[in-house]
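K.L.:
Residue numbers (full-length UniProt numbering), protein chains in the order written: chain A, 1 to 259; chain B, 1 to 319.
Watch out, some of these pointers could steer you wrong.
[As the list claims (entries may be wrong)] Keeping only pairs whose Cα atoms sit at most 20 Å apart, straight-line, the calculated SDA-like set for lysine to any residue is:
1. Lys285/B with Lys24/A
2. Lys285/B with Gly238/A
3. Lys24/A with Asp128/B
[Claimed, not checked] Pulled a few chain A residues facing chain B out of the computed Cβ check, cut under 8 Å:
4. Pro199
5. Asp239
6. Ala241
[Stated by the list, open to error] Simulated DEER-style distance windows between Cβ atoms:
7. Gly193/B with Asp239/A: 52 to 60 Å
8. Asp302/B with Ser188/A: 53 to 61 Å
9. Ala52/A with Thr165/B: 38 to 46 Å
What the hints contain is simulated information worked out from the structure, not anything from laboratory work. The structure presented is a predicted model; accordingly, all values stated were derived computationally and were not measured. Note that the Cβ used here is the ideal one computed from N, Cα and C, for glycine as well.
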Amino acid sequence: MDILVLLKQVPATESLITIADDGKRVNTDNAKWVINPYDEFAVEEALQIKKAHGGTVTVISVGNDKTVEALRTGLAMGADRAVLINDPATADCDGLGIARILAAAIRDMSCDVIIAGQRAVDDDNYLVGAAVAEFLNIPHISMVVKEEITDGTIRCHQSIDGGTSLLEAPLPVLFTTQRGLNEPRYASLPGIMKAKKKPIDTRTLADIGLDAGEIAPRARIIEMKLPPERTGGRIIEGDSAQAKAAALVRALREEAKVI
Amino acid sequence: MSVLVITEQRDGAFRKVSYEALSEGKRVADALGVSLTAVVLGDGVEGIAAEAGKYGAEKILVADAPELREYTVDACTNVLAAIIEKEGPAAIIMGASVQGKELAARLAARLNAGLAMDCIDLRVDGGDLIATRPIYGGKVLAEVALSGAPQIAAIRPNAMTVTETAAAGVIETADVAVGETRIRFIEKTVDTGKADLTEADVIVSGGRGMGGEDFSALEEMAGLLDGAVGASRSAVDEGWRPHADQVGQTGKVVSPSLYIACGISGAIQHLAGMSSSRVIVAVNKDADAPIFAKADYGVVGDLFELVPAITEEVRKIKG
Ligand SMILES: Cc1cc2nc3c(=O)[nH]c(=O)nc-3n(C[C@H](O)[C@H](O)[C@H](O)COP(=O)(O)OP(=O)(O)OC[C@H]3O[C@@H](n4cnc5c(N)ncnc54)[C@H](O)[C@@H]3O)c2cc1C
């Protein structure tokens with residue numbers, strides 16, 4: 001079974017985010033970089049599928065020199081190899097452009113299962129997995145909390161609004177992860193040592209047969225701003241729980257008008 | 001030209017986000033000076049189709065087929081792509097529900113359309129859609145300009161206002177081209193007894209401060225307020241609540257009118273899921289808990305005393 005994991009390096013959620021002077025990007029100079037949390041579920045699930053069915057796990061990312069760190073972490077968790085598409089022309093891509101690049105890179109690779117995070121927690125796009133599947137013309141199942149592969153078919157429990165549904169699709173398939181799927185392992189020290197020797201196959205857009213025109217963005221960020229500061233912060237005073245409760249409910253009804 | 005709204009129904013009833021999408025679609029259509037068309041997909045959905053007219057759809061296309069009884073992304077993408085090709089809309093608006101998100105993504109790729117996901121505001125600028133969407137877990141708001149046609153905006157549930165109009169739409173039957181599908185629906189389990197978190201107008205959430213799996217005090221308050229019960233990751237990790245109840249970065253992103261956080265400290269990953277709530281109330285015994293900095297109203301004290309007392313006060317005004 002050849003398993004691919006789409007992996008993105010993102011600033012850790014705790015990182016302080018400030019907006020750059022051009023108002024179109026965030027400053028990430030002081031950020032701590034990590035693997036997108038949903039992609040950690042994807043790496044873990046890939047390793048478990050490999051354990052059950054044999055095969056190889058490849059982590060693949062569109063990024064820059066720094067992204068190598070995240071790929072090495074994926075390798076240290078147990079992935080066999082890594083592919084990095086590193087090209088300055090990808091810097092202004094929208095989600096669709098990234099998906100086009102990943103699909104072009106994957107097209108010549110052998111693969112039975114592709115796993116992606118349901119979204120990356122930086123741009124919160126919920127887009128790349130489904131779009132890669134579309135470009136590769138394979139089925140995709142999003143927000144998977146449990147899966148089982150038998151005889152070339154995958155069965156997935158998918159989380160939907162208010163419940164779950166059970167779906168089935170033939171391989172090759174792409175599915176995206178949801179919390180509950182597994183508990184990602186940490187990279188062990190021997191894993192980290194081994195990862196240093198594993199190959200990272202680095203490619204440019206030209207290597208995968210794309211030119212910059214094909215990935216021109218159709219969705220462009222024109223401005224970033226911070227959300228309005230919450231000004232409220234009013235502490236409800238009172239001598240007893242009852243007094244506080246009464247004051248709160250009065251405020252919610254009369255000031256905020258929400259009940 | 002038109003604005004096309006893709007509605008979402010489940011088991012023969014529109015989901016709330018569909019009314020929001022239609023109302024927003026009407027505003028966008030008016031701004032562009034074009035008409036509004038709604039698409040209703042399913043099996044035996046003619047009955048509900050007319051309802052779309054109440055929110056401004058002049059034309060309602062009904063795609064009705066047994067293969068559409070249960071939603072699968074590939075069947076819906078095929079059917080919608082054919083309809084969109086035929087209608088040639090300037091913009092497409094749909095709900096960013098769980099299903100709406102995967103459908104929007106797949107459609108954008110198929111149509112090579114610019115997509116803004118999970119939008120909380122839309123405006124029109126010289127024929128193009130400008131969407132505002134939270135990124136970095138709500139720490140930043142990005143204005144995204146879409147270009148080309150069609151442009152797709154998927155709107156965050158609960159973020160836009162519903163507006164009824166007096167008009168009635170003309171219902172037409174759409175061609176249904178289900179085409180090749182590979183995803184087979186087997187079954188689903190939906191708890192119809194309670195409101196889904198992303199749709200709920202009021203959410204009462206509990207965290208580690210609940211101290212155990214007895215959330216009945218929160219259930220009672222939520223019940224009185226027609227709301228739903230959510231949880232922090234700690235409460236879920238403890239096994240007190242199911243994963244589906246988790247609010248936050250690795251849980252659900254919610255935007256209710258009122259979010260009441262009980263015994264939740266306000267970690268950044270939790271805030272990522274609820275900071276776009278209109279009014280936030282925090283109940284916490286630690287006066288320094290970070291949640292108070294984000295709450296519109298804070299009540300310092302023991303939740304086991306405060307929650308029943310608040311419920312009692314709500315009962316007085318509701319009773
Ligand atoms: C990658 C990643 C993703 C994450 N995703 C999420 C997510 O999606 N959602 C999420 O919630 N968290 C998430 N977390 C976890 C998050 O960092 C916090 O650990 C979690 O939110 C804390 O939950 P809590 O507020 O319930 O618990 P705590 O931080 O332990 O806070 C409990 C609070 O209850 C108060 N309290 C205790 N007893 C009482 C009482 N009797 N009356 C009143 N108050 C009381 C305490 O003062 C305290 O403030 C994530 C973490 C990571 C690393």
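K.L.:
Holds or violated: 38 to 46 Å for the Cβ distance of Ala52/A and Thr165/B?
P.N.:
violated (55 Å)
K.L.:
Below or equal to 20 Å on CA atoms is what counts here, so check Lys285/B against Lys24/A.
P.N.:
At roughly 40 Å apart (the allowed maximum being 20 Å), Lys24/A and Lys285/B break the hint.
K.L.:
Is Lys285/B within 20 Å of Gly238/A, Cα to Cα?
P.N.:
holds (14 Å)
K.L.:
With the threshold set at 20 Å, check whether the alpha-carbon distance from Lys24/A to Asp128/B stays at or below it.
P.N.:
holds (19 Å)
K.L.:
How about Ala241/A: closest beta carbon in chain B under 8 Å, or not?
P.N.:
Holds - the Cβ of Ala241/A comes within 8 Å of chain B, reaching about 4 Å at its closest.
K.L.:
So does Gly193/B sit 52 to 60 Å from Asp239/A, Cβ to Cβ?
P.N.:
violated (39 Å)
K.L.:
Is 53 to 61 Å right for how far apart the beta carbons of Asp302/B and Ser188/A are?
P.N.:
Violated: the Cβ-Cβ distance is about 43 Å, outside 53 to 61 Å.
K.L.:
Pro199/A was flagged as interface toward chain B. Is the shortest Cβ-Cβ separation under 8 Å?
P.N.:
Cβ of Pro199/A sits 30 Å from chain B, so the hint is violated.
K.L.:
Given Asp239/A as an interface hint, is its Cβ closer than 8 Å to any Cβ of chain B?
P.N.:
With a closest approach of 11 Å, the Asp239/A hint is violated.
Checked against the numbered hints given earlier, this structure breaks hints 1, 4, 5, 7, 8, 9; the rest are met.
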